[in-house]
Amino acid sequence: MSNKVIIIAEAGVNHNGDMNIAKKLIDAAANAGVDFVKFQTFKTEKLVSKKAQKASYQSENLKGEDNSQFNMLKKLELSPENHFELIEYSKSKGVEFLSTAFDLESLAFLDSLNLKVFKVPSGEITNKPYLQAIAKTQKPAIISTGMANMKEIEESISVFISGGYQAKDITVLHCNTQYPTPFEDVNLSAMKTIGDTFGVKIGYSDHTNGIEVPTAAVALGATLIEKHFTLDKTMEGPDHVASLDPIELKAMVNAIRNIELALGNGIKAPTPSESKNLVAARKSIHLAKPIKKGENLKEEHLIMKRPGDGISPMDFESVLGRKVNVDLEEDSQLKLEHLL
Numbered sequence: 067m068s069n070k071v072i073i074i075a076e077a078g079v080n081h082n083g084d085m086n087i088a089k090k091l092i093d094a095a096a097n098a099g100v101d102f103v104k105f106q107t108f109k110t111e112k113l114v115s116k117k118a119q120k121a122s123y124q125s126e127n128l129k130g131e132d133n134s135q136f137n138m139l140k141k142l143e144l145s146p147e148n149h150f151e152l153i154e155y156s157k158s159k160g161v162e163f164l165s166t167a168f169d170l171e172s173l174a175f176l177d178s179l180n181l182k183v184f185k186v187p188s189g190e191i192t193n194k195p196y197l198q199a200i201a202k203t204q205k206p207a208i209i210s211t212g213m214a215n216m217k218e219i220e221e222s223i224s225v226f227i228s229g230g231y232q233a234k235d236i237t238v239l240h241c242n243t244q245y246p247t248p249f250e251d252v253n254l255s256a257m258k259t260i261g262d263t264f265g266v267k268i269g270y271s272d273h274t275n276g277i278e279v280p281t282a283a284v285a286l287g288a289t290l291i292e293k294h295f296t297l298d299k300t301m302e303g304p305d306h307v308a309s310l311d312p313i314e315l316k317a318m319v320n321a322i323r324n325i326e327l328a329l330g331n332g333i334k335a336p337t338p339s340e341s342k343n344l345v346a347a348r349k350s351i352h353l354a355k356p357i358k359k360g361e362n363l364k365e366e367h368l369i370m371k372r373p374g375d376g377i378s379p380m381d382f383e384s385v386l387g388r389k390v391n392v393d394l395e396e397d398s399q400l401k402l403e404h405l406l
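Residue numbers (our numbering): 67 to 406.
Treat the hints with care, since some could be wrong.
[To be verified] Below 25 Å or equal to it, Euclidean Cα-Cα: the simulated PhoX-like pairs (lysine-lysine) are:
no., residue 1, residue 2
1, K194, K117
2, K109, K140
3, K234, K205
4, K389, K349
5, K112, K140
6, K342, K389
Hints listed in this document are in silico derivations from the structure and should not be mistaken for laboratory results.
Working from the sequences, and respecting the hints, build out all of it.
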């Protein structure tokens, strides 16, 4: 993890169980210039009961009579062999592979792959055994907080702190678990509340349509952005409709990098690019009408005009009443050597 904003392109289950699609997603992530491409690792039997129904957004995004979450997820599993293949493919494309585990067995498997960081999905933030298992790894943790209140966030962080973590090892992502998230439900200011309250690094996991909100999150101090993406928003699947297409993903990365540069160092001073405009844009003291040698300068003699390479208008009171030692024409720039 570096000081720049980390960008995770969330492929999730948008591969639809097809390795060719998964690899094309990695291609798109690498082309966009993200830091990580992230998938999801789970054993359906360990994740949901066969009676579990789809979330409301899944039912809305997946038209059909089958409302079984189990049947939906079973088609989207990645095998261990799939993981090995995708890790190698990601390396060949110069993007870091990441995955989120949704059960303890999958968590142990990901730990065996020596991934750099663990991501807690929103649905697991109240799963203490799961949190404890990640804490035992002592690897940096990213916690998504969709559907969570401040007490639940505090309790999840405390699991890691009691496990030996420091605040700098934890990044907490503000998140809303609705796909897509209505803009009026984003509540981006809550991200800063989380950081101020718990002293952790903050970020944002976005499910809105478009790139405006994650870009704004960077301006508000996000150190990590996560965003779902797909090859085609019209593909069948629970998350495609709330994902960016490859062109939008690249636009988001570019926007974030531009905002990252624009934030600067917080010191207000002329920048190298604008310093060359100081003389042309600012003013200095000039003569509003002619004045003869030996006369005293009055306000009626003075006018402030460009360029700004003479006596500053901020010092005009210091020249009032002083004699000039030379005849000066109207529009002349007043100089210190003109004054007695």
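Structure-based check of all given hints:
1. Between K194 and K117, the direct Cα distance comes to roughly 23 Å. Compliance with the 25 Å bound is thereby established for this hinted pair.
2. A threshold of 25 Å between alpha carbons decides the hint, and for K109 with K140 the separation of about 8 Å falls inside it, so the pair holds.
3. For the hint linking K234 to K205, the alpha-carbon distance of about 11 Å falls within 25 Å, and the restraint holds.
4. For the hint linking K389 to K349, the alpha-carbon distance of about 22 Å falls within 25 Å, and the restraint holds.
5. Distance restraint check for K112 and K140: the Cα-Cα separation of roughly 11 Å lies within the 25 Å cut-off, and the hinted pair is therefore satisfied.
6. For the hint linking K342 to K389, the alpha-carbon distance of about 33 Å lies beyond 25 Å, and the restraint is violated.
Figure legend: structure checked against the earlier numbered hints; the only hint not met is number 6.
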